[in-house]
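Novice: So the sequences go chain by chain: A and B.
Taking this note's numbering, the leading residue of the first sequence gets 1, the next gets one more, and so forth.
Taking this note's numbering, the leading residue of the second sequence gets 1, the next gets one more, and so forth.
None of these hints come from the bench; they were simulated from the model.
None of these values were measured; they are calculated from a predicted model.
Each hint should be verified, as a subset may be incorrect.
Which stretches of chain B does chain A cover? Using the computed rule of at least three CB atoms under 8 Å from a CB of chain A, they are [stated by the list, open to error]:
hint: 1; region: 75–87
hint: 2; region: 184–193
Cβ pair distances, simulated, as ranges [stated by the list, open to error]:
hint: 3; chain 1: A; residue 1: Thr23; chain 2: B; residue 2: Glu183; range: 56 to 62 Å
hint: 4; chain 1: B; residue 1: Glu183; chain 2: A; residue 2: Thr145; range: 53 to 59 Å
hint: 5; chain 1: B; residue 1: Leu102; chain 2: A; residue 2: Trp155; range: 51 to 57 Å
hint: 6; chain 1: A; residue 1: Thr145; chain 2: B; residue 2: Arg137; range: 44 to 50 Å
hint: 7; chain 1: A; residue 1: Leu80; chain 2: B; residue 2: Tyr4; range: 46 to 52 Å
hint: 8; chain 1: A; residue 1: Phe272; chain 2: B; residue 2: Tyr4; range: 49 to 55 Å
Heads up, the beta-carbon is just placed ideally off N, CA and C, and yes, glycines get one too.
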Amino acid sequence: MNPPEAIHESYTRRIWRRFHADTMARNGFRTIIVLFIIAALAPFLANSHAIVRVAHGRVTFPVFPSLEPIEWRFLLYVPLAGLAWLLRRRLLTRPWRGAGLLLAVIVLIEIWLAYHHVVNDPSNDRDRPATFKWMPLVAYSPLETASEPFLPPSWTHPCGTDSTGRDIAARMLHGARTSLSIGFVAQSIALSVGVTLGSLAGYYRRWLDIVICRLIEIMDCFPPLLLVLVAISLTESQNHMFYIMVVIGLTTWTGVARLVRGEFLRLSNLPFTLAAQAGGAGDLRVIVRHILPNALGPILVVGTFGVASAILLESSLSFLGFGMQAPTPSWGDILNESRLYIDFAWWLAFFPGFAILITIMSYNFVGEGLRDAVDPRLRIK
Amino acid sequence: MTTYLIRRVLLLIPTFFGITLLTFLLVREAPGNIALVKGGGGATGSRPMTAEQRETLIKFYGLDKPPLVGYAAWLQRFVFHLDLGDSWLDDRPVVTKITERLGLTASLAGSALLLSYLIAIPLGVIAAIKRGQFADRAISFTVFVLYSIPTFAAALLLIMLVAGGDYLNLLPMYGANSINASEMGPLAWTWDRIKHLILPVICLTYASLSYISRYARVSMLDALAQDFVRTARAKGLPERLVILRHALRNALIPVITVFALELPVLIGGAVIIEEIFSLPGMGQLMFQSLEAHDDMTTMGITVFVSILTLLGYLLADILYVVVDPRIRYE
């Protein structure tokens, strides 16, 4: 890169370049993308229906009619990701409009589709005769109880089967959707609450600051898991993915709020803010257009770490039996079941545990890389 | 400083009310109640009960009154008589129920905290001294992986590998003691208890260990970059003394204050760990009372944990000033 370009390099671009120079962060980012692709393509990777089937001279694609609304959801990410890639220059130079819009669309799709559930479909194409058929990688659906219970990992069942003969690999592939989307949406909710309250407290100070700080302190005094446990038990419809997202989001915003408040306290006394105020800008304009963009970097960092902890929280909840209810596949739920058979069925605990570890680690690496990229001095916390 | 402290302590009061009020409303508004539990249809209910009897129970526990009235009654008893009430499940005082279980949780959290400091500080210091070299990268990476392992997954895998079943059978799987513990002598009993606590303590240790050692590394790096370290080197002190006497002592200050903030994290972690290992500690009690709608016990534990946490935050703030005279609160 020649010097004139370096001088005119935008903030976002500089962050991206520094982030990309960090090997661990880059690998974490790629892993997350791969995980999202796996989640998006889960019905094509693990399904009892053939992708292509040729029989009686007709070519059919049995996998598509078998898709549930929930299955379409991650498929929507594919065009969205393509859109993001096409608009990448615009997104990088004008982070607010592009990224915000994209995020809003994703969150809306997520919330809208979170109402749907995986439905058990007993039919399958494994044993049906055909001239030619192309089965998915794992030829079982996540809810199918078609095999012998407790089969150790083998070629037909790469991760073994559970106590009712369901294929663990299929459940894991579909469970990736639960973990990834809960992490993402819950953290988006936490970010919106945290940024709103934090900026109000930091900008207006005085009694508003005192009240919001008490609120943060109150929320912080509960161990997060306990608070979520109590809040989850508030509803009968516990298997509502949407509800779990909201509860996790509404109980984990304090870290963001603390950080945003601190940034606002710091930034609202700087000359550029005073200049904006002197120029007659309203409070809302100063907050949203002047101060917030300057605090965006650190917010992004906590947000990324927050996704990791939201995923951890969701799997802990499912593990304790309070999260996603059976039969919806979730990594924490497979782990929960494994407790009963821990004596011999190592595959029940190992694979979901490993999947959670990889996901959380990737997010943490990305967060770490972002932090170093945003501000090398921001290493503590 | 004194003004700051007074202000700080006074602000704890509304926070405390907020916490207890929030908990009270949450447990009260949760679907199901103690009458349903006792009258069948709940988590522990077995005896069938008539609707009339259930009504009596609901009246008895004051569940027919608005939640705020119930909170006021609870608050009045706690503030004026320091009485946390009796458990709705077995009518024993909540304080007794908590103190019975406090020992186990305290020894669990205490030994985890101690162990994580003992391991984390040397790790962090070595990583800081060897900054950018192989040792630093290896330690940082390991610590990072540890930080990302969910506690419950680690606990399950540990149980699977070393506690019976088809694999190694070195340590007990469940409980705080063996079944025949009451017949053991004090030495054998202690050894038995230690064996039961090894796995839970490991699980609680590794997570806070990774946090503390990352913190220790940063803090040590900061200290090593200071002028007084350069002076110490310049006057010809051996490197070992520079590090141990000059850098480390200053680096430890922020690291030690973290311990106050680690307390709630450890207590939260203990909930899952006690549940997995069937340890009769506070976390398990909380879990059970939530499930059984034993609101009194839930409130009692909340009060206990929140006071502990608030004091922890306060202590951290005070420690900052005590160990570092440069910090002044106005």
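Novice: Now tell me if each hint is right for this structure.
Specialist: Quick rundown of the hints versus the structure:
For a cut-off of 8 Å, the count of residues in the region 75–87 of chain B with a CB near a CB of chain A stands at 0, and the three-residue condition is violated. For a cut-off of 8 Å, the count of residues in the region 184–193 of chain B with a CB near a CB of chain A stands at 0, and the three-residue condition is violated. Remark: the range hint 56 to 62 Å for threonine 23 of chain A to glutamate 183 of chain B is upheld by a beta-carbon distance near 58 Å. Range check, glutamate 183 of chain B to threonine 145 of chain A: about 46 Å between beta-carbon atoms, so the 53 to 59 Å window is missed.
Leucine 102 of chain B and tryptophan 155 of chain A have their C-beta atoms about 52 Å apart, which keeps the hinted 51 to 57 Å range intact. Between threonine 145 of chain A and arginine 137 of chain B the CB atoms are about 47 Å apart, so this pair conforms to the stated range of 44 to 50 Å. In this structure, leucine 80 of chain A and tyrosine 4 of chain B meet the distance hint of 46 to 52 Å, their C-beta atoms being roughly 50 Å apart. Separation of phenylalanine 272 of chain A from tyrosine 4 of chain B is about 31 Å and departs from the stated range, judged on CB atoms against 49 to 55 Å.
Violated hints, listed in ascending order, are 1, 2, 4, 8; each of the other numbered hints is respected by the structure.
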